[in-house]
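Q: Model the full structure from these sequences, guided by the hints.
For reference, the chains in residue letters:
Protein chains: 4
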Amino acid sequence: MSELHVREWQDRLRRFAEHRDWEQFHTPKNLVMALSVEVAELVEIFQWLTPEQSTEVMGTKRAQDVRDEVADSLTYLLRLADMLNVDLDAAMADKFQRAADRYPVDEVRGSAEKR
Amino acid sequence: MSELHVREWQDRLRRFAEHRDWEQFHTPKNLVMALSVEVAELVEIFQWLTPEQSTEVMGTKRAQDVRDEVADSLTYLLRLADMLNVDLDAAMADKFQRAADRYPVDEVRGSAEKR
Amino acid sequence: MSELHVREWQDRLRRFAEHRDWEQFHTPKNLVMALSVEVAELVEIFQWLTPEQSTEVMGTKRAQDVRDEVADSLTYLLRLADMLNVDLDAAMADKFQRAADRYPVDEVRGSAEKR
Amino acid sequence: MSELHVREWQDRLRRFAEHRDWEQFHTPKNLVMALSVEVAELVEIFQWLTPEQSTEVMGTKRAQDVRDEVADSLTYLLRLADMLNVDLDAAMADKFQRAADRYPVDEVRGSAEKR
Chain A
1 MSELHVREWQ DRLRRFAEHR DWEQFHTPKN LVMALSVEVA ELVEIFQWLT PEQSTEVMGT
61 KRAQDVRDEV ADSLTYLLRL ADMLNVDLDA AMADKFQRAA DRYPVDEVRG SAEKR
Chain B
1 MSELHVREWQ DRLRRFAEHR DWEQFHTPKN LVMALSVEVA ELVEIFQWLT PEQSTEVMGT
61 KRAQDVRDEV ADSLTYLLRL ADMLNVDLDA AMADKFQRAA DRYPVDEVRG SAEKR
Chain C
1 MSELHVREWQ DRLRRFAEHR DWEQFHTPKN LVMALSVEVA ELVEIFQWLT PEQSTEVMGT
61 KRAQDVRDEV ADSLTYLLRL ADMLNVDLDA AMADKFQRAA DRYPVDEVRG SAEKR
Chain D
1 MSELHVREWQ DRLRRFAEHR DWEQFHTPKN LVMALSVEVA ELVEIFQWLT PEQSTEVMGT
61 KRAQDVRDEV ADSLTYLLRL ADMLNVDLDA AMADKFQRAA DRYPVDEVRG SAEKR
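Sequence lines, in order, name chains A, B, C and D.
Letter 51 of the first sequence, counting from 1, is numbered 51 in the working numbering, and no numbers are missing.
Letter 100 of the second sequence, counting from 1, is numbered 100 in the working numbering, and no numbers are missing.
Letter 1 of the third sequence, counting from 1, is numbered 1 in the working numbering, and no numbers are missing.
Letter 109 of the fourth sequence, counting from 1, is numbered 109 in the working numbering, and no numbers are missing.
Among these hints, one or two may not hold up.
[To be verified] Below 27 Å or equal to it, Euclidean Cα-Cα: the simulated DSS-like pairs (lysine-lysine) are:
#1 B:Lys114 <-> D:Lys61
#2 C:Lys95 <-> A:Lys95
#3 A:Lys114 <-> C:Lys61
#4 B:Lys114 <-> B:Lys95
#5 C:Lys95 <-> C:Lys114
#6 B:Lys95 <-> D:Lys61
#7 D:Lys114 <-> C:Lys114
#8 D:Lys114 <-> A:Lys114
#9 A:Lys114 <-> A:Lys95
#10 D:Lys95 <-> C:Lys114
#11 C:Lys61 <-> B:Lys114
#12 A:Lys95 <-> B:Lys61
#13 A:Lys61 <-> B:Lys95
#14 B:Lys61 <-> A:Lys114
#15 D:Lys114 <-> C:Lys95
#16 D:Lys95 <-> D:Lys114
#17 A:Lys61 <-> D:Lys61
#18 B:Lys114 <-> D:Lys95
#19 C:Lys114 <-> A:Lys114
#20 D:Lys61 <-> C:Lys61
#21 A:Lys61 <-> B:Lys114
#22 B:Lys61 <-> C:Lys114
[What the hints assert, rightly or not] Far from chain B by the CB rule (all over 12 Å, computed), these chain D residues:
#23 Glu3
#24 His5
#25 Phe25
#26 Ala93
#27 Val108
By construction, these hints were calculated from the structure, which means they are not laboratory data.
Virtual Cβ for every residue (Gly too), placed ideally from N, Cα, C.
A: Below is the structure:
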């Protein structure tokens, strides 16, 4: 697998929008809407599948659709983070640390209960 | 800004789930649901804002919420891609090329019309 | 405008599913996913519109799409409520009363702040 | 179960918004966002449940949450339909007829395949 260079993708996506004069549409409000629509297209692929079928999806004719919708979702998430100047690595590290504190291994093993 | 190392994050998130015996819950079907819920928490922040207010959100008290929900959304998207063995860079490159072909600069400048 | 008879629609939709042996797919988990997908198709219509354009949508070529996606969303919401035996009128009355208590007219006029 | 009078609820919800001067926020664009957020709160209840657990949810401590989120989703869907002057009964009848034509009982029994 090739490595995903996030910053380079954000630059490429920004230029793609600039060249088409689409920045006027790319307000954060609109980008979160577009992100939610792409994620729903992922949900649609899985909506009638059993959990077991969902784990086998990449061996079916929907595999390419899954890859496409994952890419579309990531595209809008990176665009949004770029427009809002969110430091993705720092934001991930911050949330990860809080999740580790809130869900200690010894206390939550095997439980999906929210805390 | 720090660089986001996607593979390392996927490894870290996978171990986090393994240690808590949460892999049983992380079917692709459940992960897309969780992803859609986190994205909706982003949508909630923007739902009553004007487009102009949405561009100023990082200067308000909701800035940390935005960073948190972006991180949560990215977390589930990376988990999902990991479980499904999606090559994110290849999937992005593939979609990007098709988008460039479908939306030539000369023909679509300034238009949000879908093709 | 014709009156919507909710119970009759729920009966009609239930029989539609029964006749096609689709009840096996209509678990609450799957129905909420389908509902979220239909709502996202509504979101898609509005994602790049300005607030002003969104108020004019019924005078555009997207009007029929809006009616269709509203109907699809309502269909799955009624199916879900039927499968879960939710008394819609009682649930609405209960939430409405709590909203009236939480948002007194004198205190919240003109503010979209959540409480 | 009590009957849900849709028009009366739409009148009541409209007055609720008017009294609080919230109509300025209730553009169709914002209302579809709010609807998608409420539906996601329903999705959250079901995200880690097995299909079997999802059918038992009304016998658990989440039952009231389900009723609340169904009511919230219906509230925004009725508000949206009211603002857009969508005749819900006609829209349902129209979609229902087309679904009956597209999915003949003899051809689709037991299949969740989209057409």
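Q: With reference to the structure, classify each hint as holding or not holding.
A: Structure-based check of all given hints:
Simply put, lysine 114 of chain B and lysine 61 of chain D have alpha-carbon atoms about 44 Å apart, too far for the 27 Å limit, and the pair is violated. Distance restraint check for lysine 95 of chain C and lysine 95 of chain A: the Cα-Cα separation of roughly 33 Å exceeds the 27 Å cut-off, and the hinted pair is therefore not satisfied. Under the criterion of a C-alpha separation no larger than 27 Å, the hint pairing lysine 114 of chain A with lysine 61 of chain C is inconsistent with the structure, at around 44 Å. Taking the CA atoms of lysine 114 of chain B and lysine 95 of chain B, the gap is near 15 Å; set against the 27 Å cutoff, the hint holds.
For the hint pairing lysine 95 of chain C with lysine 114 of chain C, the CA-to-CA distance comes to about 15 Å; that is within 27 Å, so the pair holds. With a CA separation close to 44 Å, the supplied pair lysine 95 of chain B and lysine 61 of chain D exceeds the 27 Å bound. A threshold of 27 Å between alpha carbons decides the hint, and for lysine 114 of chain D with lysine 114 of chain C the separation of about 39 Å lies outside it, so the pair is violated. About 34 Å separates the Cα atoms of lysine 114 of chain D and lysine 114 of chain A, which puts this hinted pair outside 27 Å; it is violated.
Of the pairs offered as hints, the one joining lysine 114 of chain A and lysine 95 of chain A holds, with about 15 Å between alpha carbons and a cut-off of 27 Å not exceeded. Restraint check for lysine 95 of chain D and lysine 114 of chain C: the C-alpha separation of about 35 Å exceeds 27 Å, so the hint is violated. Restraint check for lysine 61 of chain C and lysine 114 of chain B: satisfied, since their Cα atoms lie roughly 13 Å apart, inside the 27 Å limit. Distance restraint check for lysine 95 of chain A and lysine 61 of chain B: the Cα-Cα separation of roughly 18 Å lies within the 27 Å cut-off, and the hinted pair is therefore satisfied.
The suggested pairing of lysine 61 of chain A with lysine 95 of chain B holds, with an alpha-carbon distance near 18 Å, which does not exceed 27 Å. Annotation: proposed proximity of lysine 61 of chain B to lysine 114 of chain A holds, straight-line Cα distance about 25 Å (limit 27 Å). Proximity of lysine 114 of chain D to lysine 95 of chain C is assessed by CA-CA distance (about 35 Å); at most 27 Å being required, the pair is judged violated. Under the criterion of a C-alpha separation no larger than 27 Å, the hint pairing lysine 95 of chain D with lysine 114 of chain D is consistent with the structure, at around 15 Å.
In summary, the hint linking lysine 61 of chain A to lysine 61 of chain D is not supported, as the alpha carbons are separated by about 39 Å, beyond the 27 Å threshold. A distance of roughly 24 Å separates the Cα atoms of lysine 114 of chain B and lysine 95 of chain D; the hinted pair therefore holds under the 27 Å criterion. In summary, the hint linking lysine 114 of chain C to lysine 114 of chain A is supported, as the alpha carbons are separated by about 22 Å, within the 27 Å threshold. The suggested pairing of lysine 61 of chain D with lysine 61 of chain C is violated, with an alpha-carbon distance near 45 Å, which exceeds 27 Å.
As the CA atoms of lysine 61 of chain A and lysine 114 of chain B are separated by approximately 25 Å, the hinted pair is consistent with the 27 Å bound. For the suggested pair lysine 61 of chain B and lysine 114 of chain C, the alpha carbons sit about 13 Å apart, so the restraint of at most 27 Å is met. For glutamate 3 of chain D, the requirement that its beta carbon stay farther than 12 Å from each beta carbon of chain B is met, with the minimum near 31 Å. With a closest Cβ-Cβ approach of about 27 Å to chain B, histidine 5 of chain D is found to remain outside the 12 Å limit, as its non-interface label requires.
With a minimum CB-CB distance of about 5 Å to chain B, phenylalanine 25 of chain D fails to clear the 12 Å threshold, and the non-interface call is violated. The Cβ of alanine 93 of chain D sits about 28 Å from the closest Cβ of chain B, beyond the 12 Å cut-off, so the non-interface label holds. Every CB of chain B lies more than 12 Å from the CB of valine 108 of chain D, the least distance being 22 Å, so the non-interface label holds.
The structure fails to meet hints 1, 2, 3, 6, 7, 8, 10, 15, 17, 20, 25 from the earlier list, while all remaining hints are met.
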